[in-house]
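Sequences listed follow chains U and D, in order. Going by our numbering, the first residue of the first sequence is number 4, and it counts up by one from there. Going by our numbering, the first residue of the second sequence is number 9, and it counts up by one from there.
Calculated from the structure, these hints are not laboratory results. Among the hints, erroneous ones may be present.
As the list claims (entries may be wrong) - Using 25 Å as the maximum straight-line C-alpha spacing, the simulated SDA-like pairs for lysine to any residue come out as follows:
1) D:Lys203 to D:Asn190
2) D:Lys203 to D:Leu172
3) D:Lys203 to D:Val86
4) D:Lys203 to U:Val342
5) D:Lys203 to D:Met193
6) D:Lys203 to U:Met346
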Amino acid sequence: MSAVTEVSEGPTTSAAIPPPRRSRTLPITMGAVAVLLAFVPFVDVHVPGLFGGELSSPGVLQILAVGLVFAGVAMSYDLILGYTGMLSLGHALYFALGLYGTNLLMRLFELSYAAAVPIALVGSFVLAVVLGSVALRVRGVAFAMVTLAFAEAFHVFVEADPVGITGGEEGLSLDTAYVPDILTGVVNTRVVYWLALAFAVLTFAICRQAVASRAGRVFQAIRENEDRVEMLGLRPFNFKLLSFALSAVLASAGGAVYLLLVRGATPGSASSVFTLNLIIMVVLGGLGRLWGAALGGLVFGYLQLRLPAVARSGVFDPLPDWLEGPLTEPLFILGTLFVILVMFAPGGLASLPARLGIKRGGG
Amino acid sequence: MSLQVFVLLSVTGLGLAGVYFLIASGLSLIFGLMDVLNLAHGLFFTVGGYATWWVMTRFQWIESLGLRFLVAFLIATVLGLAVGWATERFFVRRFYGDHVTQILITLGISLAGVALVGGWFSYDPQTFPVPEFMRQVAVIAGARIPVSRLLILAISVVLLVGLLAVLRRTRHGLIIRAGVENRQMVQAMGIDVAKSFTLVFAVGGGLAAIGGILGGVFFAGVTPEFGLNMLIFAFIVVVIGGLGSVEGTALSAVIVGLTQQFVNFFAGAGVGDLTVVVLLAVTLLLRPQGLLGEVAR
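Please put together the full structure from these sequences, using the hints given.
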């Protein structure tokens with residue numbers, strides 16, 4: 004026996020993934036939060052410091068909507084990392100596929116948004132099955148490297164643009180002619196916001212159903228001990244592929260919504276940095292906890308869009324230059340926070356109530 | 009294809025292979041010995057590049073550019089060794105046996121480190137002057153080859169030979185090689201493998217920093233995300249070569265570097281990068297353990 008056996012066990016016995024706990028109250032809590040969020044566009048209240056304008060203003064709704072899309076994509080990522088124990092470094096590929104796929108289908112074939120999205124999702128599913136089958140030939144860290152390489156290939160493709168369709172480094176802006184009027188324009192930001200909320204809620208419902216299903220139990224069994232699952236007569240490969248493909252489709256749906264929010268597709272969405280950001284979101288919130296991933300996504304989206312504005316307002320100006328520069332970088336703050344959380348609170352934000360002695364269920 | 013183009017592309021491809029090897033070899037050894045996927049390795053690379061840029065543009069009092077480059081080279085290497093050592097000593101060491109946490113820690117360090125560099129020096133590309141002799145061209149078989157490419161190649165070959173010599177001829181190297189093969193057995197013999205872990209991380213950091221210096225020369229500039237971009241190709245090199253094998257990494261770096269240069273030249277920018285990924289997929293389908301890897305991981 005060599006060190007190989009250890010690796011093949013994969014990311015199983017980690018302090019970062021707490022044992023699952025199920026809660027009956029979670030769907031009710033999440034539903035209540037969703038209803039509250041649905042009313043935000045009607046609340047004309049200014050929250051000083053936290054946001055730059057009234058809650059119902061397009062600027063604030065935009066920030067919240069980005070946070071909600073990230074929350075949904077983070078939950079989809081939690082499905083493979085937190086629940087199935089597969090470390091994919093290529094999730095940005097599927098997010099970007101929803102983004103670019105929808106946009107390209109509209110521009111090249113003059114399809115409507117409603118027609119382009121399902122086709123993009125099917126395409127994403129097929130690609131996830133093909134690439135997943137190749138990548139799943141190896142386990143653990145090698146799997147991470149291979150998924151990263153595939154995603155990077157797509158990133159290079161859209162950025163170098165050898166075929167001349169993706170717009171290269173500039174990206175591909177959204178042509179509003181193919182999108183229903185109600186989803187375009189600054190005044191309709193609230194409609195896109197509701198769409199983002201619906202995406203997040205739907206993703207939560209699908210992921211929760213998935214992890215509670217029979218297949219979902221096998222996902223978690225694979226995370227705990229893949230060899231034992233195999234010994235029990237199941238083929239882990241099939242289940243891992245299922246988890247991978249489902250997660251990919253959900254991420255692509257997030258990309259399709261994100262397209263309306265940022266009104267275009269840029270290569271940055273396909274870069275490995277986006278996947279790494281997803282890991283930060285999921286781990287920040289708490290691995291293997293859907294609400295944790297959702298919370299992580301919201302916080303990340305908020306900080307990423309809000310911090311530069313706070314920095315511009317001059318709050319950090321009295322600080323010396325060597326401190327001011329890094330503090331205006333969202334990733335510096337989030338990265339540092341992330342390292343501290345991983346080292347001292349491995350369950351992420353979701354574990355903090357328990358850590359502080361407050362009893363509550365997780366999901 | 010004329011001979012000149014062939015020679016130029018070959019030397020450029022080999023230069024690139026040298027840079028890949030420097031970042032990938034440490035990555036491969038760290039993974040082989042400790043099963044740690046070190047995502048902070050790209051940061052070590054960036055640290056090397058920025059240290060060189062810093063010295064070359066701020067140390068104006070060293071008038072000779074050649075001497076200044078030598079100083080930059082030494083400072084960048086030492087800094088790379090130090091950052092690699094510190095990463096293992098203060099972060100990775102706390103989580104032995106917990107691979108996910110180790111990966112997450114290095115990921116956080118990597119992102120925070122890159123943002124730190126970006127916050128200090130901005131995300132704009134930075135260029136630095138290089139010594140006069142590196143800007144000259146040598147004529148080989150009618151092809152005009154920039155001397156810097158030959159220098160990169162020479163330094164990489166020297167480091168490859170040095171690394172192999174250390175691994176094969178010294179006691180530390182013996183422990184590392186044995187540890188890559190079977191860590192438990194080495195521990196059972198009463199040898200403190202943890203010391204090798206620190207050593208491998210420091211040496212890996214130093215090699216990646218040298219890669220950053222040479223990468224800065226090769227690409228004529230540095231950016232904060234530079235290391236992260238190189239890390240992706242380093243992963244490809246490591247997987248194709250076989251995890252834990254220095255010889256495999258060297259071989260695979262040459263294949264990847266040459267393929268990328270030739271295909272990018274003849275089929276258009278970006279196509280070479282895609283070809284490399286296809287190469288990776290083919291390797292995985294035919295030989296999941298990599299070219300010179302022992303067993304499938």
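Now for the hints, and whether the structure bears them out:
no., hint, result
1, D:Lys203 to D:Asn190, "holds, 16 Å"
2, D:Lys203 to D:Leu172, "holds, 19 Å"
3, D:Lys203 to D:Val86, "holds, 19 Å"
4, D:Lys203 to U:Val342, "holds, 24 Å"
5, D:Lys203 to D:Met193, "holds, 16 Å"
6, D:Lys203 to U:Met346, "holds, 22 Å"
Of the numbered hints given earlier, the model fails none.
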